[in-house]
Amino acid sequence: GQSTIEEHRTKGGNPDVDVSFQWLKILFEEDDNKLQQIYDDYKSGKLLTGELKIILIEKLVKFLD
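As numbered in our numbering, residues 1 to 65 make up the sequence shown, in order.
Keep in mind that a hint or two might mislead.
[Said to hold, decoys possible] Simulated crosslink set (BS3-like; lysine-lysine; CA at most 30 Å straight-line):
{"id": "1", "residue 1": "K46", "residue 2": "K11"}
{"id": "2", "residue 1": "K43", "residue 2": "K59"}
{"id": "3", "residue 1": "K11", "residue 2": "K25"}
{"id": "4", "residue 1": "K25", "residue 2": "K43"}
{"id": "5", "residue 1": "K59", "residue 2": "K25"}
{"id": "6", "residue 1": "K53", "residue 2": "K11"}
{"id": "7", "residue 1": "K25", "residue 2": "K46"}
{"id": "8", "residue 1": "K62", "residue 2": "K43"}
{"id": "9", "residue 1": "K53", "residue 2": "K25"}
[As the list claims (entries may be wrong)] Label-pair restraints from in silico Cβ distances:
{"id": "10", "residue 1": "E6", "residue 2": "K53", "range": "14 to 22 Å"}
{"id": "11", "residue 1": "D65", "residue 2": "T10", "range": "31 to 39 Å"}
{"id": "12", "residue 1": "L60", "residue 2": "N33", "range": "19 to 27 Å"}
{"id": "13", "residue 1": "D40", "residue 2": "E6", "range": "15 to 23 Å"}
{"id": "14", "residue 1": "V19", "residue 2": "S44", "range": "27 to 35 Å"}
{"id": "15", "residue 1": "K11", "residue 2": "K62", "range": "19 to 27 Å"}
{"id": "16", "residue 1": "E30", "residue 2": "T10", "range": "30 to 38 Å"}
{"id": "17", "residue 1": "S3", "residue 2": "D65", "range": "34 to 42 Å"}
{"id": "18", "residue 1": "F63", "residue 2": "T10", "range": "27 to 35 Å"}
{"id": "19", "residue 1": "S3", "residue 2": "L64", "range": "29 to 37 Å"}
{"id": "20", "residue 1": "N33", "residue 2": "T4", "range": "26 to 34 Å"}
{"id": "21", "residue 1": "S3", "residue 2": "F63", "range": "28 to 36 Å"}
These are calculated hints, taken from the structure and not from any lab test.
A virtual CB, placed ideally from N, CA and C, is assigned to each residue, including glycine.
Construct the complete structure from the given sequences, taking the supplied hints into account.
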């Protein structure tokens with residue numbers, strides 16, 4: 001992510017180094033199309049870091065249940 005929401009919306013995040021995205025990619029998101037959409041949305045700034053973490057948390061909770 002970036003330092004501020006405004007900066008993130010403008011510059012986007014780097015999913016290639018974001019730990020939450022890497023966990024989704026390697027362990028939790030089986031749907032390649034969905035993973036690509038998350039990647040694109042995060043990189044463009046459409047998806048914020050906190051929103052990405054929520055996606056991962058939902059997958060983690062489901063896994064732990």
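Agreement of K25 and K43 with the hint, judged by alpha carbon distance not exceeding 30 Å: 14 Å, holds
Range hint 30 to 38 Å (beta carbons of E30 and T10) holds or violated: 32 Å, holds
Outcome for the supplied range 26 to 34 Å, where the beta carbon pair is N33 and T4: 30 Å, holds
Distance restraint evaluation - F63, T10, Cβ atoms, bounds 27 to 35 Å: 34 Å, holds
Status of the given 14 to 22 Å range, CB of K53 versus CB of E6: Hint holds: Cβ distance 19 Å, inside 14 to 22 Å.
Pair hint outcome, K62 versus K43 [Cα-Cα no greater than 30 Å]: Roughly 26 Å separates the two Cα atoms, so the pair holds.
K11 paired with K62, Cβ distance criterion 19 to 27 Å: 31 Å, violated
Holds or violated: K53 to K11, with C-alpha atoms at most 30 Å apart: 18 Å, holds
K59 paired with K25 [C-alpha distance capped at 30 Å]: 12 Å, holds
Hint check for D65 and S3 - Cβ pair distance inside 34 to 42 Å: Check passed, 35 Å falls within 34 to 42 Å.
Cβ separation of S3 and L64, checked against the hinted range 29 to 37 Å: 32 Å, holds
Pairwise hint evaluation, K59 against K43, where the allowed Cα distance is 30 Å at most: This hinted pair holds, its Cα atoms lying about 20 Å apart.
Hint violations for this structure: numbers 14, 15, all remaining hints satisfied.
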